[in-house]
Amino acid sequence: MKSVIQLFLLWSVLVLSPSLSFSLSLSLSLSLSLTPPLASRCYSHGKVETDEEFDARWVTYFNKPDIDAWELKKGMNTLIGYDLVPEAKILDSALRACRRLNDLASAIRILEAIKDKAGPHKDIYPYLIQELKPTLTELGISTPEELGIDKI
Amino acid sequence: MSLAKPAMRGLLGKRLRFHLPIAFTLSLVAAAAFKFTVTEPRKQAYADFYKQYDAVKEFNAMKEAGIFESVRPSGE
Chain A
68 MKSVIQLFLL WSVLVLSPSL SFSLSLSLSL SLSLTPPLAS RCYSHGKVET DEEFDARWVT
128 YFNKPDIDAW ELKKGMNTLI GYDLVPEAKI LDSALRACRR LNDLASAIRI LEAIKDKAGP
188 HKDIYPYLIQ ELKPTLTELG ISTPEELGID KI
Chain B
4 MSLAKPAMRG LLGKRLRFHL PIAFTLSLVA AAAFKFTVTE PRKQAYADFY KQYDAVKEFN
64 AMKEAGIFES VRPSGE
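Chains as they are written, first to last, in this note's numbering: chain A, 68 to 219; chain B, 4 to 79.
Just chain A, with the same shape it has in the complex:
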């Protein structure tokens, strides 16, 4: 009996430990399908979009030369709603769209957002910064850490 209680307490700590924002941000469009696809509509008919197709679609979306500020925000908010952390190439495309729109604030916000999206998985953000470093340098985008705005 006592060990059951101890086991339950251990599990509840495990459940509650990840940051709240991780769960909240992903809760709206969670996918419990057994395959990874995220914006998956669980059709029994119809083809499920592959990860590559999904990535390509979003890269194309942000690559639109005359993308406007609304589309940038809408795109990012939609992307954030999915059960995934966007690939580096999608983020690269989004950051370049920020550059075309002269929107440095959104560029830095995108970096903050992906850090938050990763939630308890602390290895994702450093990896993405590593992959995006050339782009960040080219476009002159500072990371939240470099600006000292990553801590409250």
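Watch out, some of these pointers could steer you wrong.
List time: in silico EDC-like cross-link candidates among lysine to aspartate or glutamate, alpha-carbon distance up to 20 Å [stated by the list, open to error]:
id, chain 1, residue 1, chain 2, residue 2
1, B, Lys8, A, Glu119
2, A, Lys156, A, Glu138
3, A, Lys131, A, Glu120
4, A, Lys200, A, Asp183
5, B, Lys17, A, Asp183
6, B, Lys8, A, Asp183
7, B, Lys8, A, Asp122
8, A, Lys131, A, Glu119
9, A, Lys131, A, Asp170
10, B, Lys8, A, Asp190
11, B, Lys17, A, Asp190
12, B, Lys8, A, Glu154
13, A, Lys189, A, Glu179
14, A, Lys156, A, Glu119
15, A, Lys141, A, Asp170
16, B, Lys17, A, Asp118
17, A, Lys140, A, Asp170
18, A, Lys200, A, Glu154
19, A, Lys218, A, Glu179
20, A, Lys218, A, Asp190
21, B, Lys17, A, Glu154
22, B, Lys38, B, Asp51
23, A, Lys200, A, Glu179
24, B, Lys8, A, Glu198
25, B, Lys8, A, Asp118
Think of the hints as simulated: they come from the structure by calculation, not from any bench.
Please read these numbers as outputs of a predicted model, since none were measured by experiment.
Fit chain B to the known structure of chain A by using the hints.
Quick look at chain B alone, frame taken from chain A:
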């Protein structure tokens, strides 16, 4: 040293697939535990009390104690 690519998709799905069955099971266990440690003994206690309950005897005892207004103890 460059970092390896971590898993970036389906992280919430994976977490939920692991935790939701546990959560549901634990909730059911908690409900069952409460039922069998609290509500059933309570129901049994009431049943046992009323099994040998003599309402008339209890009424007369109360009447003699003088708590009623509509019927006085037999002495008065």
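To test your reading of the hints: which numbers does this structure violate? none
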